[in-house]
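K.L.:
Each chain is listed here by its residues.
2 protein chains.
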Amino acid sequence: MRTVYVNGAYLPEDEAKVSIFDRGFLMADGVYEVTSVLGGKLVDFAGHAERLKRSLSELDMAAPMDDPALLEVHRELVRLNGIDEGMVYLQITRGAPGDRDFVFPDPEETPATVVLFTQSKPGLAANPGAKQGIKVIGIEDQRWGRRDIKTVQLLYPSMGKMMAKAAGADDAWMIEDGHVTEGTSNNAYIVKGGAIITRHLGTEILHGITRAAVLRFAREAQMVVEERPFTIEEAQQADEAFITSATTFVMPVVEIDGAPVGGGKVGPVATRLREIYIEESRKAAV
Amino acid sequence: MRTVYVNGAYLPEDEAKVSIFDRGFLMADGVYEVTSVLGGKLVDFAGHAERLKRSLSELDMAAPMDDPALLEVHRELVRLNGIDEGMVYLQITRGAPGDRDFVFPDPEETPATVVLFTQSKPGLAANPGAKQGIKVIGIEDQRWGRRDIKTVQLLYPSMGKMMAKAAGADDAWMIEDGHVTEGTSNNAYIVKGGAIITRHLGTEILHGITRAAVLRFAREAQMVVEERPFTIEEAQQADEAFITSATTFVMPVVEIDGAPVGGGKVGPVATRLREIYIEESRKAAV
Numbered sequence: 000m001r002t003v004y005v006n007g008a009y010l011p012e013d014e015a016k017v018s019i020f021d022r023g024f025l026m027a028d029g030v031y032e033v034t035s036v037l038g039g040k041l042v043d044f045a046g047h048a049e050r051l052k053r054s055l056s057e058l059d060m061a062a063p064m065d066d067p068a069l070l071e072v073h074r075e076l077v078r079l080n081g082i083d084e085g086m087v088y089l090q091i092t093r094g095a096p097g098d099r100d101f102v103f104p105d106p107e108e109t110p111a112t113v114v115l116f117t118q119s120k121p122g123l124a125a126n127p128g129a130k131q132g133i134k135v136i137g138i139e140d141q142r143w144g145r146r147d148i149k150t151v152q153l154l155y156p157s158m159g160k161m162m163a164k165a166a167g168a169d170d171a172w173m174i175e176d177g178h179v180t181e182g183t184s185n186n187a188y189i190v191k192g193g194a195i196i197t198r199h200l201g202t203e204i205l206h207g208i209t210r211a212a213v214l215r216f217a218r219e220a221q222m223v224v225e226e227r228p229f230t231i232e233e234a235q236q237a238d239e240a241f242i243t244s245a246t247t248f249v250m251p252v253v254e255i256d257g258a259p260v261g262g263g264k265v266g267p268v269a270t271r272l273r274e275i276y277i278e279e280s281r282k283a284a285v
Numbered sequence: 000m001r002t003v004y005v006n007g008a009y010l011p012e013d014e015a016k017v018s019i020f021d022r023g024f025l026m027a028d029g030v031y032e033v034t035s036v037l038g039g040k041l042v043d044f045a046g047h048a049e050r051l052k053r054s055l056s057e058l059d060m061a062a063p064m065d066d067p068a069l070l071e072v073h074r075e076l077v078r079l080n081g082i083d084e085g086m087v088y089l090q091i092t093r094g095a096p097g098d099r100d101f102v103f104p105d106p107e108e109t110p111a112t113v114v115l116f117t118q119s120k121p122g123l124a125a126n127p128g129a130k131q132g133i134k135v136i137g138i139e140d141q142r143w144g145r146r147d148i149k150t151v152q153l154l155y156p157s158m159g160k161m162m163a164k165a166a167g168a169d170d171a172w173m174i175e176d177g178h179v180t181e182g183t184s185n186n187a188y189i190v191k192g193g194a195i196i197t198r199h200l201g202t203e204i205l206h207g208i209t210r211a212a213v214l215r216f217a218r219e220a221q222m223v224v225e226e227r228p229f230t231i232e233e234a235q236q237a238d239e240a241f242i243t244s245a246t247t248f249v250m251p252v253v254e255i256d257g258a259p260v261g262g263g264k265v266g267p268v269a270t271r272l273r274e275i276y277i278e279e280s281r282k283a284a285v
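So the sequence lines, in the order shown, correspond to chains A and B.
The first sequence begins at 0 in numbering that gives the first Met the number 0 and counts up one residue at a time.
The second sequence begins at 0 in numbering that gives the first Met the number 0 and counts up one residue at a time.
Just so you know, the hints here were simulated from the structure itself, not pulled from any lab data.
For every residue, glycine included, the Cβ atom is placed at its ideal position computed from N, Cα and C.
Heads up, a few of these hints could be off.
What the hints assert, rightly or not - Coverage of chain B stretches by chain A, computed from C-beta distances (three or more under 8 angstroms per stretch; other residues unrestricted): (1) 98-105; (2) 113-120; (3) 129-142; (4) 145-152.
Take these sequences, add in the hints, and give me the full structure.
P.N.:
As structure tokens, then:
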């Protein structure tokens, strides 16, 4: 049984509970981060800690712990649960005031709720799926307007994953005003004539930590990066397509709405970026 | 201390908890209803039970209890907590599978989570605020696309309430494509030349139970009802404005974005509709 962290206590997972009055439960008033673990170390912890602070700040929530304290809990959970490859999930909510109210509680009276748990995923780096690639479908983007804040409002992404499954695919790319925003839990890319194309940052997409790292590595490797919107049709005709996220790293996409991309085979750019990303992440992990 | 209901058990509120793996907490994968209590009886329980079933069905969730069983829990909580005027809050989530996953859990293995609690609000019907009216501001509607499903994704409405508070107002009306959708937790109306104007039903707004009842009473009283979108400017120039919800019934709006509506005084149509609604609701309460 896993040991998880809830508000200062390390507990067996079946004893890990929150009040029914927690605003995370009643109002989706919370944010989260997922940090990968490779070789028992945390990948880009600093990036996740930075984005977490931004999410909290956008929602007028104070950070309940500083980065070193947060890092310590991450590391302790990795140690207690013997995680070699996997991830650490962190969620912070606006806490559990005595009653349900749309008005934010006074933070002096209602401390934030802090929850962390691990997921062990042996084979995360060597994932054979990365040699096959995944299939995606396009769905309408029905999410709220501030996707740059990493909130727990994940119902629609979860529905999107089910729509993909029902269509015999692995994931869904969301479309707004004719252009792809991102995947259900990842950023979306295409490769055309050697250039890597991915949507520009804004409130429409999550500012992926893995996205930032992969684009940095791509530029360092002298690849051309274009940050702009693209359509499903453009993606279907691209040389390659792929997604990035903290837990899939770089994952090739070989089919979009039933149309093969790049002949339906994993391409060299996604493959190379995945190698570079995992190699560099291992080196920099803490 | 209140007695609340969690998955079959009646518990003191400070013992009422859910797993951190509950999808309501991790993914906002849950729906809710709020039913008012007048004279110790439930207002329009059948309407709320019907809408609950629709919300569940739209999210591919089975109803964990039938209507008589749900009514019994509502009544038992009203009795145990001695509620004369107030409300019963009900939330159903897709339950707590063993781990976090965007894919829906098998409902055979993961039962829904069912939570109910009461809020006592003496003076709900005689609320003196209804003689003063409230002030609202207009804000951009940033919510997801399926507002007809009553999900717990209430972060933006909650933020909207805080924006209203910061502006010295009581609530916010949300604006999409230039037209008012609804309030943060209520439907929005204006009165013009004797006609009651409120946005038509669709995925853009919640299908208010109080809205349906108030429009029915209005039509029975030979008032003209127009179901169509309106702008903030049209609302500011209207004869009256008001909101409806299960817990505010009919509440006059006397100021919109700083502009007085109807001379800044509560008007006769809202006043009359409030009287009729409360009178009829008392009669029909169960």
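K.L.:
Which hints, by number, does the structure contradict?
P.N.:
none
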